[in-house]
Amino acid sequence: MADKGGLKSRREFLAEGARTAGLIAASMAAGSLVTRRAEATVWQIDPLKCIQCGRCATACVLTPSAVKCLHAHVSCGYCRLCFGLFRDQRSGNETTAENNRCPTDAIRRAFVEDPYFEMTIDEDLCIGCARCVKGCNAFGNGSLFLQIRQDLCARCNQCAIALACPVGAVERVPVSQPYRMKTEVRR
Amino acid sequence: MRRYSEAIWILVGMFPVVPAWAQEQQRQPPPEFRSGYALPPLNAPMPRAEVFTVVDLLVLLAVLSLTAWFLLGARSRAGVRVLAVFSLLYFGFYRLGCVCSIGAVQNVALALVEPGYVLPWSVGLFFLLPLVFALFFGRVFCAAACPLGALQDLVLIRSRRLPAFLEQGLSLIPYLYLGAGLLMAATGTSFLFCQYDPFVGFFRFGGPATVMAFGAALLLLSTVVGRPFCRFLCPYGVLLRACSGVARWRVRIAPSACVQCHLCADACPFGAIRPVTPNADLEPRPVGRRRLAVLILLLPLLVIGFSALGHLASPALARQNRVIALAERVWLEEQGQLWQTTEASEGFWNSGRPPAELYREALAVRRRFGIGATLLGGWFGLVVGGRLILLAMRRRRTEYEADPGACLSCARCYAACPVRGEVSISLPHRVTGETGVTWSR
Amino acid sequence: MEQVERGPLPAHATAEGNRTLPEREIVQAGYLAAVRTAMIAAVFCCVVVVLMAVNTVKSRAYDPLNAPKLLRRQLDLNRDPQNTRLRAEVRRLDREIRTAYFRSRRFAVQGSYLLLGGVVVFLLATEVARALRPSVPLPLSPTVEEVAMAAVQGRRGVATVGVVGAGLLLLLTVLSRNDRAAEYARAAAAGTGQGGQPAVASVEPGRDGRHGNPAPGSSSVGSAGNAVASDRSPAVAAGRVSTQGDTGTGTVLGEPAGAEVRTHGSAEAPATRASTAAGRVEPMPAPLTVLLPAGGEAEWPVFRGGAGFAPGASAPTVWDVKTGRGILWRAVVPLPGRGSPVVWGDQIFLTGADASRRAVYSFSVEKGDLLWQTFLPAPSTPPLKVQAETGYAPATPVTDGRHVCAVFPDGLVVCLSASGRILWTRDLGRPENPFGHAASPVIYADLLIVPLDQGKGEDTAKSRLYALSLTDGRTVWEVARPVPSAWATPLLIRAGDRDLLVLSANPWVIAYDPRTGREQWRARCMAGDVAPSPAVGGGWVFVCNQRAALVAIRPDGTGDVTQTHVGWQFDESLPDIASPVSDGAFVYLALSEGLVICVDARTGKKVWEYETVAPVHASPLILGSTLYVTDTEGTTHLLTTGGAMQLIGKASVGEEVQATPAVARGRLFLRGQKHLFCIGGQ
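Line by line, the protein sequences give chains A, B and C.
The first sequence runs contiguously to residue 187 in our numbering.
The second sequence runs contiguously to residue 1441 in our numbering.
The third sequence runs contiguously to residue 2682 in our numbering.
If you are wondering where the hints come from, they were derived from the structure by calculation, not from laboratory data.
For every residue, glycine included, the Cβ atom is placed at its ideal position computed from N, Cα and C.
There could be a bad hint or two in this list.
What the hints assert, rightly or not - Reference listing, derived: stretches of chain B covered by chain C, where coverage requires no fewer than 3 residues with Cβ under 8 Å from a Cβ of chain C:
1) 1147-1160
2) 1163-1173
3) 1255-1263
4) 1272-1280
5) 1357-1368
6) 1387-1400
This is chain A alone, in the form it adopts within the complex (with noise of 0.2 Å):
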């Protein structure tokens, strides 16, 4: 070993110097970012950029999809025959399984007065597969709007609906305004 001593002590000191170089760099990289604060990012729908294609209910890493309808109720029209609510193409105007659009019967009708009926998702049973976004946007008032849920979503690095969206609708946005509400966003 003695022998060696040399050699071994050459070998440390260039050791050193790449400890201290990456010690250096790291304390530069880690200053610049503290000082610039920038925020965490989380995943989010723009609203007005969707196009209602289902892949949100799907594509998600979680079952059931972290991705919600919301309800506008600012700019529904309160309509009895809701384009959201029911099918195209119906056999009668029941809110009744073979008239609705929605496949796991999450939008309800509740009467409100005369003749103004008030829509409400159950979001316990939403898959968020946007079907009733299409019918609201294509001929209602586009009240519904689909969002990710925060408390849902698992915050991927890479989200895989982001990555299967055909329109690059969901985008990152700061962790302090995590949500692209229909009542907020101006084209």
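Starting from the structure of chain A, add chains B and C where the hints point.
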């Protein structure tokens, strides 16, 4: 899995003002309620408050420090295992494996290349902390902080040594995976490490079926082969290996006390303890020297050759990028070669953006791909050529030594040493403890 | 593993040797118990995995998002709404699917927890087993041969990986062959960066040349801008039509990008004749072309394909539905309608509706398969009243290849993508129209132009002309029109240096600038319920209606041109439904009385007439040099165009035909009462 303890509900839309876009889209007129009906508020739960990210980082710091202590100070495998279980539960099942240090590499790459993406500080620290610890204490992250590693380590029942063919060949894959992942991340195409993470599906209780099947297979393999993902797939391991190569404190076998019984090397499931090399020459020296010379000359050829291949292959790689795929599709539709639209191209045509703008965007990404794929090819050539050279070099070891880059800090070797704990950390030129007592049956 | 303590020797080194016999037996028993527990746990895990796999496979049959059986039953029920048994079955199926879905989800979650528990038990058991009988490492250092082999094998392994990697890269290189980046790089460099509007292309009702070639003497409007190389190059990149003079600049759209402007070779009218000689209005000498959406010259994107004149098109002249000769395919159209088909690419678009259902269909040109159908909600209450002759889907859709737009008699305007997805809808309000609103929309650049003339007699306050953005349906411009209900489809032409949108109604025929909606000229020459749409040719715009006249208007005027730009009038026999068509030399009318009249386009004198006997409601078409007139009994009369009446033949599809046919790629598409026929040559 709702975490009510963290959710804070926000209320939006308290005031019934119809926003501008809705006024345009308003097909049914806004109702006028006479019965005093109040619009239900639009509320949605907030994500985990950011203060908990600080908690995560502190936990990581604590785990790394404690692992270093257990490994190098107390030399206790039990301590390391307890920490591993804790990390599996906390970083794995509780935090659902995201954001992990392995994935953070991609975020860093994206932030370095893409001006529009700013690296969040927590992600950056998740990337840096294990590397800094590796600089000083070796791969303590792998031992007990990484949930993927912990999972594999816990299911290891009896490890088999792999033949050198597989061992050397497969150990190149992390380098290639790292290069490919950096390319895909820096161009904003996708996060490969996240997409093909084999074990995150178990943490989340769900995931793509193929990836989960691969993860299950890998886990089964982990029962007999030590940590296959860590050794043969993990891209972060490349960085950790580089940093821990110069680690200040490491598992070291004190030469004065070592009886060269080979027990520690056999106990190490990962082959990180290198035995003494035979005294005799394995082959005539000129043969070895010639081979080494050939391989050294081959190295630049490999680098150039693979770089060229990489450059030629860049269009196919680039097509994975969403923007480039869309630009190609839009181009073909515009030329009339495809009359059917996809949802993506429809969305583009409806946005009213001019195709020329899309093409320019795609070309910018293509340029990045061109450079990146060439670099990837060169990197692969360098790795292959470099490893060949390393394997052709004559190594002389007269003592058992633990390769710090390969040591995953699992602390199994301590218990295997019959010389009463003489596998120890040691600062240079210091020999610890009494001489061991040999063991007899 | 036990903690290595300083002091006594490591536990595993002495455990076996130092234990007493009973202790050994206890340890052995414990070890076996632990191993057995581990095996049971492993079996349990396998069972759970298998059960979960079975559950996953079974749940595919109960996927609420993909339930074909339920969908079929629902469609059956829609066709037969009174069927209570069917209704009950649909409800039962739906409930089954939902309960099964939620049950399988719960099962999966519970199974995951069970699996996790099993794995934990397994690991704990193996832990105990290992503690009781630790695996002992072996003091076998490698031999010299093993070390040598290891080096060689190691290098081989690395070389193998290198070769595999090279192979992968080679494969990727091969896949990189048809890379379009260079192509669209040129387009990106050349692109003007203006709005992504499809260019406006034009098709001439000129006399000669094939559909795609500039006619001789076509220089005046810089048509050389884009030579028509292929059928379908929209030439968006060029954007360089040298439009002379002001064509309504600086509006919401910007300049329409250039197009293959082919001129109308009006050889009879010398290019230098002054606009109006004393007392007699001459036809317009400058080029007069019909405007179609970009890339539409080889398609049939709008009602009558523009103005019904397609000199470059060809279609068979012989077919017979009884023998099947010439009939390539026949497809059932589920809902009836009187709108004509339109064609783009491989798709034929149709609308169909009845009182409670309406849909847009897409059929394949090749085989006639129904590619897609998109249903639209039924008209809102009160129920829509339309005349039986109009039906619920009387208007023809219009397409630019990417959008398919349709208008329905209750004022619903819908825009779908070419794959049937609804992009936007507008409800323009139910028009007051005695027969039912039937005018078809047209597309100009990125605007959808929807005429909505309504009212009766003197009540002209409600008539409107809308231009909606194709992208999102918002109103770009709208103008009020001083006319009551009309059923004519607008005509889009380029007259000299102006683009004009000509609408025929009672009493005004008005031409607008399609980009801004500003009125360019108007002529008071119509009367009655105007249903025939304008035609163009020979330097004239032709409008006609029964009880008014066939009027030739020179379209380059401004303001009220009734006295200054109206040429001749022909008022003997006039159509009330079918629109006229002109090849520049003659104008052909098809009457509900069962007559085809040929009028000289220069003089306005009748040249010949032909009796079809059965009424003609479908507008006649000129394909090549053959006039196709289809009567309501489904018989198409084929006549040669020109000054002499010559019947080439007759061919029948055996069904009532009300809609004007469409022609594309040598095939003729006829919509009958129930079927869509594709007639093609062998």
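Next item on the list: Count the residues of the stretch 1255-1263 of chain B whose CB lies closer than 8 Å to any CB of chain C, then report whether that count reaches three.
Entry: Holds, because 4 residues of the stretch 1255-1263 of chain B bring their Cβ atoms closer than 8 Å to Cβ atoms of chain C.
Notebook entry, point to check: According to a criterion of three or more residues whose C-beta lies within less than 8 Å of a C-beta of chain C, is the stretch 1357-1368 of chain B covered?
Noted result: Per the Cβ count (6), the hint holds.
Check: Do three or more residues of the stretch 1163-1173 of chain B come closer than 8 Å to chain C, measuring C-beta to C-beta?
Finding: The restraint on the stretch 1163-1173 of chain B holds, since 10 of its residues have a Cβ under 8 Å from chain C and three suffice.
Check: Do at least three Cβ atoms from the stretch 1272-1280 of chain B come closer than 8 Å to Cβ atoms of chain C?
Finding: n = 5 at 8 Å, threshold three: holds.
Notebook entry, point to check: For the stretch 1147-1160 of chain B, does the count of residues with a C-beta closer than 8 Å to a C-beta of chain C reach 3?
Noted result: Three-residue rule met by the stretch 1147-1160 of chain B, so holds; n is 4.
Item checked: Verdict on chain C covering the stretch 1387-1400 of chain B, where coverage means 3 or more residues with a C-beta closer than 8 Å -> holds (count 4)
Going through the hint list in order, the structure satisfies each hint without exception.
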